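Chains A and B are the protein sequences, given in the same order. In case it helps, the working numbering puts the first sequence at residues 1 to 389. In case it helps, the working numbering puts the second sequence at residues 1001 to 1160.
Keep in mind that the hints were calculated from the coordinates and are not lab data. As the structure is a prediction and not an experimental result, all values here were calculated from the model. Wrong hints could be hidden among the right ones.
With a Cα cut of at most 25 Å, we get these calculated SDA-like pairs of lysine to any residue [stated by the list, open to error]:
(1) B:LYS1013 x A:ARG354
(2) B:LYS1016 x A:VAL85
(3) B:LYS1016 x A:GLN359
(4) B:LYS1016 x A:LEU93
(5) B:LYS1033 x A:TRP347
(6) B:LYS1016 x A:LEU360
(7) B:LYS1033 x A:VAL85
(8) A:LYS366 x B:TYR1007
(9) A:LYS84 x B:PRO1041
(10) B:LYS1016 x A:PHE288
(11) A:LYS84 x B:GLU1042
(12) B:LYS1016 x A:PHE348
(13) B:LYS1048 x A:ALA87
(14) B:LYS1016 x A:ARG354
(15) B:LYS1013 x A:LEU93
(16) B:LYS1009 x A:GLN359
(17) A:LYS84 x B:GLY1021
(18) A:LYS366 x B:SER1005
(19) B:LYS1016 x A:LEU91
(20) A:LYS84 x B:CYS1072
(21) B:LYS1033 x A:LEU93
(22) B:LYS1099 x B:SER1130
(23) B:LYS1145 x B:CYS1112
(24) B:LYS1016 x A:LEU208
(25) B:LYS1016 x A:PHE352
Now the stretches of chain A that chain B is said to cover, found in silico as 3 or more residues with beta-carbon under 8 Å [unchecked claim]:
(26) 91 to 103
(27) 344 to 351
Cβ atoms here follow ideal geometry from the backbone N, Cα and C, with glycine treated the same way.
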Amino acid sequence: METLQLFKILPEKIYFQNIPYLPGFRKMVGWNLDFSTLTRNIHDSLFSFFSPGLASAAEMVIIGLCFLTFFALLGLILVYAERKVCAFFQLRLGPMRVGFWGTAQTFADFIKLLLKEPLTTKNADKFLFNLAPFIVIVASFMAVAAIPFAKGLHAVDLDIGIFFITAVSSIGVVSILLAGWSSNNKYSLIGAIRSGAQILSYEISAGLALLTIIILTGSLQLSEIIESQRTGWWIFKGHIPAIIAFVIYMIAGTAETNRGPFDIAEAESELTAGFHTEYSGIKFAFFFLAEFVNMFIVSAIAATVFFGGWMPFHIGNFTFFNHLMDFIPSVVWFFGKVSLIVFLMMWFRWTFPRLRIDQLLTLEWKYLMPISLVNFLFMAFISLEGWYF
Amino acid sequence: MNEVSEYIKDVAKGVKTLLGGLSVTGYYFFHPKEIITQQYPENRGTLKMFDRFRGEVIMPHNEKNEHRCNGCSSCELACPNGSIRIVSKHLLLENGKKKKIIDQHIYNLSLCTLCNACVKACPTDALKMSQEFEHATFGRVELIKVLNKTGSVVMEGLEE
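Chain B on its own, in the form it takes in the complex (with noise of 0.2 Å):
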């Protein structure tokens, strides 16, 4: 006798996981809104990614075209890949004396793995990782880019 009530509890419990799982999936059919795909060219306009989304490694400029980068090549040191190199340029100061600065910080982003270990890196916090994704080109070399834009300077009080 107990072996058939167990038998009829076995069924029944069956029967109420299945139910349960029908009435999950059942819940989501019935409510499109829960639909998390999104239709990307249409939503362009729209389309915000979310904060912590790595695109591509950036240099945030101000508006009197100021970085926050010095040219000491932490960023270039840190990366796995070799996708950065620094170009700095000496200059000649009124007292004699010459002065290293920045004069391209050269971002290959065909070789980047966007690990965020150069943004990590950064003692002035002059990098950081954009949202942008569209990233495709005609041209590998369209990917090398140069992250401090022309004619910018450094940041006061931020030089070596």
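Just chain A, same shape as in the assembly (with noise of 0.2 Å):
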């Protein structure tokens, strides 16, 4: 009887509210990958095994070594989809000669890179020289390990997730520092401080734009966050100004990357290798991992914030088709969003000319941020009048 009143009294409200969640479905669809159950199952044997401190400190070493596996094989793909789709764009095949499709072509690399002689120059600062790789690695595992791959694959659950992702990821820049300064190079030091400017610019509107979405969610959390658009994505439900905050957000996290075209770092034509002009080897293949890695984070994020992560896509309380979509394992669903993003930025390396230092500035400064900060206020607008679904 109760429901039936609130029914009449609000239906608009009770309609895009946060629906009960069948539990009894999801246990039905035994096939729908949940690793909730996985992972419990291996926290508790492993607590069977050993003494407490043994089994956390073998965890810790897991959770390490699948982090280790994920960053190589991500480094591998990604670097081979870079090559295929540069080459559709430009009218062209890209690798085919090794492998099928020229899909062993990265392996190929990657044994020559680890083959070669990792130099150091003579006049650089060997410490920092040594020391600069390692950061920007430690900098993009940090952030990998706070995202949430899949219903239950969650490495750590902070209460600040996002805080803690954007915080971490701007590690990055100190190596890039780092890695300019000590190598005594000016092309590396140009490179460096140009990616200084630009990373330290760009956060803020990048930082603005995700807030702009945590208005709605009222929480930091990640897990909370997804949980928050079991009704439907932020991007479909925040309408206007999460779709601009979207646009900021690729924008901001395309220079936040270093990637094209926002390059200005390592600009090939001018700086021919930017900050990591002087590594070679394995050092070299530090920081080409880190920036791929980084670009999968920064995509993570859009996914988790904009694109509800590992949710699938709900409408409203339409049960009979959010169960349908529930069929497809939360796995491929933050995969397929994140691997979108991704495209999406090689869509834009691939087609807009690099920015001068000035040019880049003048877009953040005068444009960006200013777009965002008056988004922020729309959003917080809308968030008080209750004007999203």
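Bring the two chains, given one by one in their own frames, into a single complex with the hints.
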């Protein structure tokens, strides 16, 4: 009776409210991958075999190994994808010879990189020079740890997840500055300083774009941000300001990863290779890998905040449609969204010409930041009035 | 107020031009038929070079083993880097006169820059550029070619 009365009073409020999820249905669909049982089982069996201290150490090692493998695979796949996508945009075929359609090309390149001699230039600041590649890889490692990959597949669910990721991923700029400074090379130094100016500027609008959605979610915790999109992704529920925020985030995110059209830090035609001019072998591979992993991280944040992370495509309380969408595993949803956004970033890179440093800073300080501030206010107003779905 | 509208127009124009660029590359990405790269050794059977491609200098012969070269040395003089040498011989005619005819048209491909000057200089259109481009050999000597075939004679009516 009560529910009926509620319907009569506030039909539109009920319509878009978080509908109670049907746990029985998900159990019925056994093959729909839910990683929480798997991780729980591993956790329990480890704790039954070992003492608590040893068990948690073993867990850390396992997670570390998983992430290392994931990093290596991600780097290989993204480099291959980048080369293929770039080729198709430029009416070429890309790598075709090694393996079927060139799939083994990146493996061959990787082996070649590992076999090369890691040189250190004579007048370089040796300690900082060798430290820089590790900082860049550690920064992206820490950011990846807080990303939810699927339902229950989440290394650390921090209360301030999104804040943590944005904070940690900007440590990468320290390594770029270190690499540029310690190389004792004018090209490297110019590249590093450009990169510093660029990342510091674009961090602002990226943060503001994320804050625009966080007004709606009311939480910085990534699992809660995803949970709040059970009735629809924020890009649809938050309509106009959410779309503006997404566009601004994509521009700022592309700039933060030092990718074209914002790749002035390593601009090949003017600075040879920018901050990693003097690096070779495995140290260069670290910078190279970190660039691609950072691209993945930016895409993963965009997918989580704007497109619901691993949350399937739900429309309000159309229960039948929503359950139909739940049949697709959450891993597929997450990686599908991430790869679409990665494709978008590659599309930007291979379409737009490189910006000059003054144009780059004009774009940020005169366009993106004011627009995102206005957009932020707009979203706050919409949130106050309840004009979102 | 004017400045604000200018600003908004600026942004709209920027977005419009960026979307224009994206649509061009997007069209290429989703239309793989537009790809112009060819997979060379695999497509050897069907590969056809375009008409104006210059591979090497050749001297076409007809089915009677006749060519159009009368050994006038115009090509040898026209060649900027001396990659052509005409060796002529003297034929003793029945009426006691001597006649100069071509013995060997020696063409050194390793010196040739494919400038087309010899083809332009030839008064009898004896030389042509072929579309053959697979010139790799195991020795430089193999690149020195004799263009007129053994036992070939000049076409009638073209003698000096």
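Self-check item: 25 Å limit on alpha-carbon distance, applied to hinted pair LYS1016 of chain B and PHE348 of chain A
Solution: holds, 14 Å
Quiz item: Straight-line Cα separation of LYS84 of chain A and GLU1042 of chain B no greater than 25 Å?
Solution: holds, 20 Å
Self-check item: Given hint LEU93 of chain A paired with LYS1016 of chain B - CA-CA distance at most 25 Å
Solution: violated, 29 Å
Quiz item: When you check the alpha-carbon spacing of LYS1016 of chain B and PHE288 of chain A, does it fall within 25 Å?
Solution: It is violated: about 33 Å lies between the C-alpha atoms, which goes past 25 Å.
Quiz item: Is LYS84 of chain A within 25 Å of GLY1021 of chain B, Cα to Cα?
Solution: Holds. LYS84 of chain A to GLY1021 of chain B sits at ~19 Å (cutoff 25 Å).
Quiz item: Within 25 Å, alpha carbon to alpha carbon, are LYS1033 of chain B and TRP347 of chain A?
Solution: holds, 19 Å
Quiz item: Would the pair LYS1009 of chain B and GLN359 of chain A pass a check requiring their Cα atoms to be no farther apart than 25 Å?
Solution: Cα-Cα ~18 Å, so holds.
Quiz item: Can the restraint linking LYS366 of chain A and TYR1007 of chain B be considered satisfied, given a maximum Cα separation of 25 Å?
Solution: The hint holds at about 10 Å.
Self-check item: Given coverage of the stretch 91 to 103 of chain A by chain B, checked by CB-CB distance under 8 Å (3 or more)
Solution: With 4 residues close enough to chain B, the hint holds.
Exercise. Would you check the hint for LYS366 of chain A and SER1005 of chain B, treating anything up to 25 Å between C-alpha atoms as holding?
Key: Holds, because 15 Å separates the two Cα atoms, which is no more than 25 Å.
Quiz prompt | LYS1016 of chain B paired with ARG354 of chain A [C-alpha distance capped at 25 Å] | solution = holds, 18 Å
Quiz item: Keeping to a limit of 25 Å between CA atoms, is the pair of LYS1016 of chain B and LEU208 of chain A held or broken?
Solution: Status holds; Cα separation ~24 Å.
Checked against the numbered hints listed earlier, the structure breaks hints 4, 10, 15, 20 and 22; every other hint is satisfied.
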